[in-house]
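Peer 1: Protein sequences appear in the order of chains W and S. With the first letter of the first sequence counted as 1, position 254 gets the number 254 in our numbering; the numbers rise by one all the way through. With the first letter of the second sequence counted as 1, position 277 gets the number 549 in our numbering; the numbers rise by one all the way through.
Check before you lean on any hint, since a few could be wrong.
Derived BS3-like pairs: lysine-lysine, alpha-carbon spacing no greater than 30 angstroms straight-line [stated by the list, open to error]:
#1 LYS141(W) - LYS287(S)
#2 LYS277(S) - LYS141(W)
#3 LYS650(S) - LYS242(W)
#4 LYS287(S) - LYS277(S)
#5 LYS277(S) - LYS650(S)
#6 LYS346(S) - LYS332(S)
Computed footprint of chain S on chain W, listed as stretches where at least three residues anywhere in the stretch have a Cβ under 8 angstroms from a Cβ of chain S [what the hints assert, rightly or not]:
#7 91-104
#8 113-123
#9 132-138
Now the in silico label distances, taken between C-beta atoms and shown as ranges [what the hints assert, rightly or not]:
#10 ALA167(W) - MET550(S): 22 to 28 angstroms
#11 GLY156(W) - PRO622(S): 54 to 60 angstroms
#12 LYS242(W) - MET550(S): 36 to 42 angstroms
#13 SER586(S) - GLU143(W): 26 to 32 angstroms
#14 LYS277(S) - ALA167(W): 15 to 21 angstroms
#15 GLY156(W) - TYR275(S): 26 to 32 angstroms
#16 GLU256(W) - TYR275(S): 49 to 55 angstroms
#17 ARG142(W) - ALA316(S): 52 to 58 angstroms
#18 GLU102(W) - PHE525(S): 57 to 63 angstroms
#19 SER586(S) - ARG166(W): 24 to 30 angstroms
#20 MET550(S) - SER169(W): 25 to 31 angstroms
Just so you know, these hints were derived from the structure itself, not from any lab. All C-beta atoms, glycine included, are put in the ideal place defined by N, C-alpha and C.
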Amino acid sequence: MSWLVSPKGKRYTVAQMRWVTNHEEPLVRTVAVSRIYRRGVDEIRALDRVSLEIPAGHFVAFMGPSGSGKSTLMNLLAGLDRPSSGEVWVAGQRLDILDEDELAAWRARHVGLIFQFFNLIPVLSARDNVALPLLLTHLDKRERSRRADIALRIVGLQDRASHYPRALSGGEQQRVAIARALVTDPDLIVADEPTGDLDARNAETILSLLRRLRSDFGKTIIMVTHDPRALRFVDMAFHLDKGTLLEGEEAARAHEAIVVAASGGVVGHVLP
Amino acid sequence: MNYLKLVFANLMRNKLRTGMTFGAVSLAVMLVVFLLTMPAGLDALLNSVASNTRVSVHNKAGIVYSLPYSYVRKVRLVEGVAGAVGTTWFGGAYEEEGRVTFPNFAVEAEHVGAVYPDYGIASQHLEDFRRYRDGALVGRQTMKRYGWKVGDRITLKSTAWAIDLDLRIVGEIPLERSPVVWIQRSYLDEALVAQRGQGLGIVHVIWVRLEDPNRVEEVMRTIDDMFRNSEAETASETEKSFFGNFFGSLKGFITIVLLVTFLVAACVLVIAANTASMAIRERSSEIAVLKAVGFPRRVVFASLLAESALLCTSAGVAGVALAYVFTHGLRSFAAVIPSLGPLGSFLITPAVAAQGLLLSVVVGAVSGLVPAWGAARKPVAEAFHELF
Ligand SMILES: Nc1ncnc2c1ncn2[C@@H]1O[C@H](COP(=O)(O)OP(=O)(O)OP(=O)(O)O)[C@@H](O)[C@H]1O
Ligand SMILES: [Mg+2]
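Please put together the full structure from these sequences, using the hints given.
Peer 2: This is how it looks when you write it as structure tokens:
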């Protein structure tokens, strides 16, 4: 487990990692965040005073209809965007006060990103794609490819390290993307519809892989998804509608509706 | 995996496009470098035909106005003058052509040797030129053009006087590119006396060879001062400046050459800018991912700019190399084929090569600047919203 070295240079064992991330402070906390997009005179209120907390080491899902603000919220938590008002705290850092360059530096150290369309660089091998975020660290070339190989082993693609993305299936490409999100040992991994472009079997593989990152490595994972099957893998689900976070009765109803839609008699998980 | 590899991999993404841009930039740089050799090349050409100790003395009003023949003797007596020959435009046309197809002058046969020792005219030919009053010395270019040999007889009809002269070719002026024909002044003089009872009496240009290349200015001034306020004032100038004025349009030509050079440079800038913006636009999503992962804007900007800079600069190196090969090729051809002679003068100096490289660096930087800046500046979240 020696690869679990944070960019700050601290070494943790998995057990210590759990301890570090399981302190009382939630890893993610928002206080009344709103995000308003302005298009000329039009205003789109994509998020309206959302407050939530996500404990460290949890795998959570953001669910809701299209346009409900899931991606917008996830972007704020990943430091990809800044709120119009409210506070965003992740791993003890307040993000809403950082500028674009500070956010980029923060993301490089603390967040791993996974997208719906994999978004690998086609002209780089799987190993080089995975090693890409390590270019931003002080690690030397050998250490960078060593860590990329470890990350590829975790996602089960150690044999495909020198393959290019076009030679890989969609599911394999997404696993390479997960390895890329993992390689910097981030505090938080965010995934926007990671199974959206995959068939059922590949989707299962990806979901159980993410689950394993949480259980084996204590990672905190936030996943935006439409997929009811995802509920089997996550610790909790947040339900959004028209930019607001559903709570209590409303949330339970939304959750129930999704579970029924899954129609597989899936056992519901803890609700927020 | 490092930045250089990333930049290189991106360049190799569309090999055809990269190759075509490489070709366009290197050909343009080659052309620019070649054009830039022209001003210096023409100067060198002038130097190769002109001697720095030879001076022309002609009427201050212009070379078509004549000087009294007595001036030649006076010039010959000036201190520092090694030799002087008076030349008079005969304007002879060969056979039925009716127009002058090569320059021909009446000269004093006994003085050409002293003024043109650098021409390497065989002493036998010079001696025969003095001996035969109808003798003529012919430049090698004209010899070849008409297939003449020493001993041939030709007739020139003057366009300046109503006189035909039957001539005997007694020798050659052994310069590859010399078209000149010299005839004896005394022969023309006699013909004029016979026709109108009055000799030639004038010269157009007095060619003077000086003893000391360091005293050229001084001797020229002495000569011009000597004829100041006389019936015909003189203007002296070095052979190089004389030919330079003669090719007065040369300056205009060089201006056009430089203008074309500038247009070629502007053209290739547009081509390279087009490539850079296409290459960047088609992978906006990858660039967005790089930024999302945490690459700072300046790193994204620098790596995109590095792409066009690397492409254009390497093409620039290739272009300069091509121009080098090209001019050297011309030079070796010119050594074998005399009519290509002038082309051998265009040589790439380090300064010209540096200008070519500078052009490619500037093209690389400027062409990538706008698209790279645009891509780097765009906020990540906005890019994602637009793209996905
Ligand atoms: N950069 C942007 N500029 C303008 N409007 C935006 C921008 N990003 C999101 N929006 C708008 O904000 C609202 C919420 O968008 P968001 O992408 O968060 O929805 P979502 O829940 O992720 O939907 P989906 O399930 O379709 O991905 C939508 O109306 C969207 O059009
Ligand atoms: Mg979305």
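Peer 1: For each hint, tell me whether it holds in the structure or not.
Peer 2: Here's how the hints hold up against the structure:
1. LYS141(W) - LYS287(S): holds (27 angstroms)
2. LYS277(S) - LYS141(W): Roughly 12 angstroms separates the two Cα atoms, so the pair holds.
3. LYS650(S) - LYS242(W): holds (27 angstroms)
4. LYS287(S) - LYS277(S): holds (16 angstroms)
5. LYS277(S) - LYS650(S): holds (24 angstroms)
6. LYS346(S) - LYS332(S): holds (17 angstroms)
7. 91-104: holds (count 3)
8. 113-123: Held - the stretch 113-123 of chain W has 8 residues with a Cβ nearer than 8 angstroms to chain S, which meets the minimum of three.
9. 132-138: holds (count 4)
10. ALA167(W) - MET550(S): 22 to 28 angstroms: holds (26 angstroms)
11. GLY156(W) - PRO622(S): 54 to 60 angstroms: Roughly 58 angstroms apart at Cβ, these two residues keep to the hinted range, so it holds.
12. LYS242(W) - MET550(S): 36 to 42 angstroms: Check passed, 40 angstroms falls within 36 to 42 angstroms.
13. SER586(S) - GLU143(W): 26 to 32 angstroms: holds (31 angstroms)
14. LYS277(S) - ALA167(W): 15 to 21 angstroms: holds (19 angstroms)
15. GLY156(W) - TYR275(S): 26 to 32 angstroms: Since the Cβ atoms of GLY156(W) and TYR275(S) sit about 29 angstroms apart, the hinted range of 26 to 32 angstroms holds.
16. GLU256(W) - TYR275(S): 49 to 55 angstroms: Distance hint for GLU256(W), TYR275(S) holds at roughly 51 angstroms.
17. ARG142(W) - ALA316(S): 52 to 58 angstroms: holds (56 angstroms)
18. GLU102(W) - PHE525(S): 57 to 63 angstroms: holds (60 angstroms)
19. SER586(S) - ARG166(W): 24 to 30 angstroms: holds (27 angstroms)
20. MET550(S) - SER169(W): 25 to 31 angstroms: At 30 angstroms between Cβs, range holds.
Hint check: no violations occur; every hint is consistent with the structure.
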